[in-house]
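Asks: Chain A is fixed; fit chain B onto it per the hints.
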Amino acid sequence: MPLAIRFALLAAAVLIAALLSLIIGQRSDVGIGNVLQLLFVDDGSLARSAVVDLRLPRTLIAGLIGINLGLAGLALQAVTRNPLASESVLGINQGAALGVALALVFPALMIGNLDTMAIIGAVVAGAVTFGIAAGLGGRLDSMRLILAGVTVGAFSFAFVRFTFTLEDNLSRLVLSWTSADISAARFDQALPLLFWAAGGLTISTFMAHSFNILALGDGASQGLGVDPRRMRFIGAMLAAVLTGASVAAAGPVMFVGLVIPHLCRLWFGSNHRLLVPAVALGGAGLVLFADVVSKLVRFPYETPLGVICALIGAPYFLYATLRARHMA
Amino acid sequence: MSAVVHVPVRPRSTLRGLVLIAALAVLVIAAALWSLSVGAVPIPTQTIVNTLFTLDGEQQTYIIMKSRLPRMVLALLAGAALALSGAIIQAVIRNPLASPNIIGINSGAALFALVLVLVFPDIPQVWMPLAACIGGLTAAAFVMVVAHYRNLSAIHLALIGVAVGFVFEAGVDYLLIVSNDSESSAPMIWLTGSLWGRTWAHVAVSWLPLVALSAVALLLSYRLDLIALGEATATGLGLNVPRQRLLLLLVATLLASVSVAVVGVMGFIGLMAPHIARRLVGGSHRLMLPVAALVGMLLVVLADGIGRAIAPPIEVSAGILAALIGAPFFIYIMLTTTSEQDS
Chain A
1 MPLAIRFALL AAAVLIAALL SLIIGQRSDV GIGNVLQLLF VDDGSLARSA VVDLRLPRTL
61 IAGLIGINLG LAGLALQAVT RNPLASESVL GINQGAALGV ALALVFPALM IGNLDTMAII
121 GAVVAGAVTF GIAAGLGGRL DSMRLILAGV TVGAFSFAFV RFTFTLEDNL SRLVLSWTSA
181 DISAARFDQA LPLLFWAAGG LTISTFMAHS FNILALGDGA SQGLGVDPRR MRFIGAMLAA
241 VLTGASVAAA GPVMFVGLVI PHLCRLWFGS NHRLLVPAVA LGGAGLVLFA DVVSKLVRFP
301 YETPLGVICA LIGAPYFLYA TLRARHMA
Chain B
1 MSAVVHVPVR PRSTLRGLVL IAALAVLVIA AALWSLSVGA VPIPTQTIVN TLFTLDGEQQ
61 TYIIMKSRLP RMVLALLAGA ALALSGAIIQ AVIRNPLASP NIIGINSGAA LFALVLVLVF
121 PDIPQVWMPL AACIGGLTAA AFVMVVAHYR NLSAIHLALI GVAVGFVFEA GVDYLLIVSN
181 DSESSAPMIW LTGSLWGRTW AHVAVSWLPL VALSAVALLL SYRLDLIALG EATATGLGLN
241 VPRQRLLLLL VATLLASVSV AVVGVMGFIG LMAPHIARRL VGGSHRLMLP VAALVGMLLV
301 VLADGIGRAI APPIEVSAGI LAALIGAPFF IYIMLTTTSE QDS
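Chains A and B, in that order, are what the protein sequence lines are.
Just so we're aligned, residue 1 is where the first sequence starts under the numbering used here, counting upward by one.
Just so we're aligned, residue 1 is where the second sequence starts under the numbering used here, counting upward by one.
Bound-form chain A, shown alone (with noise of 0.2 Å):
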């Protein structure tokens, strides 16, 4: 198939799945016949207000977080050479819902704001999983990376159940945010992240040809001018804040960063000018589609997106680990 049907049929879906997002709901006067009149004219209608200032926001930030998580994963994988790697898996998700988390029960304890707090905590986290992995030795052992995230991660959850333990008042949230429900989601939570995203894609954009340089290994790339560990630095930085982004902005969304690069792959082979925009497209289509799914599964109640996105990911994981045989 050539290569502009495959990304206009990946578009084709994304677009889809954001209509469905938006069509799908507890009211009767949205269908798929005036879905797109009431998002672009204004009748004053009770269904136009439900379709932009209820629905609408909450597409976005599933597309969004899907784009960011896609990206963040893609360049984990890309600079750490682990088909393994991901946010979620290396803690760095966990870490910045720890951020959040903090914020929320010590407000003493925040700089500046929730986006920062979480991208401050996701850069904490992996940087001590990056430590642990390289740990005595100083090389990069790729299934201690991998179960060392885990670790971080379990740790980090533990750290904002308690946190949230502590804090009556917040703990009956702690439920709907560790599992993201974005169902009350709104424009000033969409706003912030389409700005990290674009910044997201565009960075990706232009380390798309270090990443396929980096994938020659460790000295090839540095005789080619790519220095691996100036670029695993960048790689998990923007990892890192793509993540604490999304966090801050729906809570902590599992294994979009594992699943999408993998599937992409499958798809659009391994060359990184290619790949970065189909796993854009790609993590955005996914997240849109389980919360497709995370309003239908036991209409009319939704269930969290990041519990869709758990029973899909997790078993994907596991999937991974099976085949992750000799890894490199």
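For the record, the hints were derived by calculation from the structure and aren't laboratory data.
Cβ coordinates follow ideal geometry from the N, Cα and C atoms, glycine included.
Each statement offered as a hint is correct.
To give a feel for the contact side, a few chain A residues facing chain B, derived at Cβ under 7 Å:
no. : residue
1   : Ile132
2   : Met143
3   : Ile146
4   : Leu147
5   : Val150
6   : Thr151
7   : Ala154
8   : Phe155
9   : Phe162
10  : Leu311
11  : Leu318
12  : Thr321
Replies: Positioned in the frame of chain A, the structure of chain B alone reads:
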């Protein structure tokens, strides 16, 4: 099976071991008494002793007998069970990173027990441990089958176990959300490994299987020593290694599953207790198993007590505290394991 040969640390003298067991027992009793005294209502030790032995003087029967004593008993039972389970699993699959939590048993047990509670809300407590055992066995069977057919490194096996745990946990999260109404907070607290709200009913359904399985585990300790010598040597000494492995893993899985049914997922206890015990008395399982059981009791009782003492009247789940201590411990074990493998 894993490539890491689990070298038993030099066995130390039996006398030293017995003294150590006695000392640990005293520590466990002291910790248990302390855990009876802390909480939303602090109770002085004198009052506790008066109540327990129905002496004259001030008593606090209601809180102690109805609330704190049953959970203390459960903490002791679960701590010993998890520690024994972890010690057996580490010895049988010769993987210092293994523990009931790491190979997915705890999450599997939690998922099946939760399904039972949600599908049949009125079912008697007795069925809970049974459902948990089925879940634990499912998870353990999966990991064991994978380990049997493929030559995996210790770390890769642990990773697959973690992934199996993730799958079950995703199911648990989904069920918790689906049942998101008034009763959802109870399983939520239970699943994070809390002894909150545990009553004599929970003790009644779990003490017999836990005590019986622990006894079996202690009786089988010499077989663990034989297995530690390596498959060929153990077979040469007359042991049917595959069958014994299966039997030991069955006991270990049931121990962990029953404890999950009553106290929820208490991660890392099954990992830490055997490692601490090995440091104290060496690798001979005849001594190591009872010491591990005592260490496990001590850890869970302390975690429960500290959880109540941090910020009364709020309770921090013992499982959360166990994870906060256990995760760094796991990383330490992982770092030392890999460097052994490299050399």
